[in-house]
Amino acid sequence: MDIHSKDGLVFMVQADHLSGECVGQAIGHLYTAGAANVQVVPAITKKNRPSYLFFIDCRPDSADRVEEAIAGELTSGGWHRMDTVHRYQYNERLKRPVELCFQGETLHFTVEGKKFESGSLRPEHDSVVALREAVYEKWHKPVTYEAAYHMAVSALLDSEKSVFQI
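Each residue of the sequence shown is one higher than the last, beginning at 1 in the numbering used here.
Please note that the accuracy of each hint is not assured.
Simulated restraints on C-beta separations [to be verified]:
(1) S51 to W139: 21 to 31 Å
(2) A43 to E117: 33 to 43 Å
(3) Q39 to T75: 37 to 47 Å
(4) K95 to D16: 38 to 48 Å
(5) V163 to V10: 24 to 34 Å
(6) K47 to E146: 34 to 44 Å
(7) Y136 to N48: 22 to 32 Å
(8) Q25 to Y136: 26 to 36 Å
Taking lysine-lysine and the DSSO-like style, the derived pairs with C-alpha atoms no more than 27 Å apart in a straight line are [as the list claims (entries may be wrong)]:
(9) K141 to K6
(10) K6 to K161
(11) K141 to K161
(12) K161 to K138
(13) K161 to K95
(14) K115 to K161
(15) K95 to K114
(16) K95 to K141
(17) K115 to K95
Because the hints were derived from the structure by calculation, they are not lab data.
No residue lacks a Cβ here, since even glycine has one placed at the ideal position from N, Cα and C.
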């Protein structure tokens, strides 16, 4: 298995002055500015105040826009900028047909996911959510995320069309 590398950038921002609503709004602005991933971790400051730690991953060419969002949306006066090396595996995009059956009716669906060089695979989150919504829309039958996820994994493992009884 090959591990590949590319230049990366991570910002770490501590904020003890924002409400949860402000944090939620800021996340969207950070993505719009070019963040590839935003992680928000609850923390406690040295003065025992509740706070948030933001870890913002972006490509170097998005750095200026992301820093503008940090200053503007998080209203932070200072942050850490860390040059990183992003390590990753190549992946193959998979699409597999699925047939869902309930009370004699059939629904055709396509599950999408990724297969990594290591051999592991995972369905795309949006595909799992779309599967749940399609079942509910057709039959008004709720399917848990976990059940839809397991159906999607099974379908991705199968090179033929998978058939599931709902």
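>> Under the constraints set out in the numbered hints, which ones does this structure not fulfil?
In response: Structure breaks hints 1, 3, 5, 7, 9 and 10.
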